[in-house]
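*Asks:* This is what each chain is made of:
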Amino acid sequence: MASIRLAVPKTAQSGDIIEIKALIQHEMESGFRRGSRGEVIPRDIIVRFECSFEGVQIFAADFHPAIAANPLLTFHMRAEKSGRLLFEWTDQNGETWRDSADLEVI
Amino acid sequence: MNKPGLLDRRQVLTGVGGAIAIAATPLPAFASQEDLDRARRELFGDRLIQEGRVTVKLPPIAENGFSVPLNVSVESPMVADDYVKRVAILSPRNPLPNIAQFHFTPQSGKAVVATRIRMSGTQAIQAVAEMNDGSLWSGSMETVVTLAACVVL
Chain D
733 MASIRLAVPK
743 TAQSGDIIEI
753 KALIQHEMES
763 GFRRGSRGEV
773 IPRDIIVRFE
783 CSFEGVQIFA
793 ADFHPAIAAN
803 PLLTFHMRAE
813 KSGRLLFEWT
823 DQNGETWRDS
833 ADLEVI
Chain L
182 MNKPGLLDRR
192 QVLTGVGGAI
202 AIAATPLPAF
212 ASQEDLDRAR
222 RELFGDRLIQ
232 EGRVTVKLPP
242 IAENGFSVPL
252 NVSVESPMVA
262 DDYVKRVAIL
272 SPRNPLPNIA
282 QFHFTPQSGK
292 AVVATRIRMS
302 GTQAIQAVAE
312 MNDGSLWSGS
322 METVVTLAAC
332 VVL
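Protein sequences, first through last, are from chains D and L.
When we follow the numbering used here, the leftmost residue of the first sequence carries the number 733, and every step to the right adds one.
When we follow the numbering used here, the leftmost residue of the second sequence carries the number 182, and every step to the right adds one.
Simulated from the structure, these hints should not be mistaken for laboratory data.
If you're wondering where the values come from, they're calculated on a predicted model, not measured in any experiment.
Just to be clear, a hint being listed does not mean it is correct.
To be verified - Covered stretches of chain D (chain L as the covering partner; in silico rule of three or more C-beta atoms under 8 angstroms from a C-beta of chain L):
1) 782–794
2) 798–809
Stated by the list, open to error - Think about it this way: if two alpha-carbon atoms lie no more than 20 angstroms apart in a straight line, the pair counts; the simulated EDC-like pairs of lysine to aspartate or glutamate are:
3) Lys266(L) to Glu232(L)
4) Lys291(L) to Glu751(D)
5) Lys813(D) to Asp834(D)
6) Lys291(L) to Glu782(D)
7) Lys291(L) to Asp748(D)
8) Lys291(L) to Glu323(L)
9) Lys813(D) to Glu786(D)
10) Lys813(D) to Asp748(D)
11) Lys753(D) to Asp794(D)
12) Lys291(L) to Glu812(D)
13) Lys238(L) to Glu751(D)
14) Lys266(L) to Glu751(D)
15) Lys753(D) to Glu771(D)
16) Lys266(L) to Glu782(D)
17) Lys291(L) to Glu256(L)
18) Lys266(L) to Glu323(L)
19) Lys238(L) to Asp227(L)
20) Lys266(L) to Glu836(D)
21) Lys291(L) to Asp263(L)
22) Lys753(D) to Glu836(D)
23) Lys742(D) to Glu827(D)
24) Lys266(L) to Asp216(L)
25) Lys291(L) to Asp831(D)
26) Lys742(D) to Glu812(D)
27) Lys753(D) to Asp834(D)
28) Lys813(D) to Glu836(D)
29) Lys753(D) to Asp831(D)
Just so you know, even glycine gets a beta-carbon here, dropped at the ideal spot from N, CA and C.
Based on the provided sequences and hints, a complete structural model is requested.
*Replies:* As structure tokens, then:
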């Protein structure tokens, strides 16, 4: 299980643009490195990240091997109502990791 | 110590060292710039790309190409009828020209994103943004990479 770290403000004023940080622990093995015997280390990367709020997509990203290990994303959202943010990462084999965070708009 | 002659010699030596360092830096292969252009065509077709509205922020010197902080922002009000749809990050020198693509919605609030990228050498990273009206804008920034991410190749 990859470890996920999220930074989402717990509360926001309506209309505020909040900053969201999402990190997942992952090697992001590029497929360009070689091991000690000269063999190519196979590529193993996360290819897709999606963040949605109450079913509406806020932000998404497609990753290529040039994204550094333990990919960290900082992006934003306009807070209008309280609800739950869903975060989902998908690797090249279709395996997914999910986490969520609740936001209260006051 | 304070004799002007010594200072002059030091300046000359650092100048020569700098010139050698610049000469030793391999220029980006021409084919790689073509790779970037091809990747850009695959993403956006042959549509006109205007310069401006897109700001790429990278450290001027990256000591470690394995993890370089990248910040991209696009000037846009990010409302339902005027927003940034996507931003592609492209490299003229990495083994692959595509670095990432970011998808925004009006709910994003502002078109600003930050992450960490790998850079295999000194190069100008380019960002191309597509607006909801289909117009394309680009910006770039060059970073000197002292330890490239692909030295193990």
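*Asks:* Holds or violated: lysine 813(D) with glutamate 786(D), Cα cutoff 20 angstroms?
*Replies:* Given pair lysine 813(D), glutamate 786(D) holds - Cα atoms ~10 angstroms apart, limit 20 angstroms.
*Asks:* Please work out if lysine 266(L) and glutamate 751(D) have their alpha carbons no farther apart than 20 angstroms.
*Replies:* Roughly 19 angstroms separates the two Cα atoms, so the pair holds.
*Asks:* Taking 8 angstroms as the Cβ threshold, is the statement that the segment 798–809 of chain D is covered by chain L upheld or broken by the three-residue rule?
*Replies:* holds (count 11)
*Asks:* Check the hint pairing lysine 813(D) with glutamate 836(D) against an upper bound of 20 angstroms on the C-alpha distance.
*Replies:* holds (7 angstroms)
*Asks:* Does aspartate 263(L) sit within 20 angstroms of lysine 291(L), going by the straight-line distance between their CA atoms?
*Replies:* holds (11 angstroms)
*Asks:* Would the hint linking lysine 266(L) and aspartate 216(L) be met if the CA-CA limit is 20 angstroms?
*Replies:* Distance ~24 angstroms between lysine 266(L) and aspartate 216(L) Cα, so the pair is violated.
*Asks:* Holds or violated: lysine 753(D) with aspartate 794(D), Cα cutoff 20 angstroms?
*Replies:* holds (16 angstroms)
*Asks:* Hint check: lysine 238(L) vs glutamate 751(D), CA-CA at most 20 angstroms. Holds or violated?
*Replies:* holds (18 angstroms)
*Asks:* Would the hint linking lysine 291(L) and glutamate 256(L) be met if the CA-CA limit is 20 angstroms?
*Replies:* holds (8 angstroms)
*Asks:* For the pair supplied as a hint, lysine 753(D) and aspartate 834(D), confirm whether the alpha-carbon distance does not exceed 20 angstroms.
*Replies:* Status holds; Cα separation ~14 angstroms.
*Asks:* Taken at face value, is the distance from the CA of glutamate 323(L) to the CA of lysine 291(L) at most 20 angstroms?
*Replies:* violated (24 angstroms)
*Asks:* Under the criterion that the straight-line Cα-Cα distance not exceed 20 angstroms, is the pair lysine 742(D), glutamate 812(D) satisfied?
*Replies:* holds (14 angstroms)
Taken one by one, the earlier hints fail for this structure at numbers 8, 15, 18, 19, 20, 23, 24, 25, listed in ascending order.
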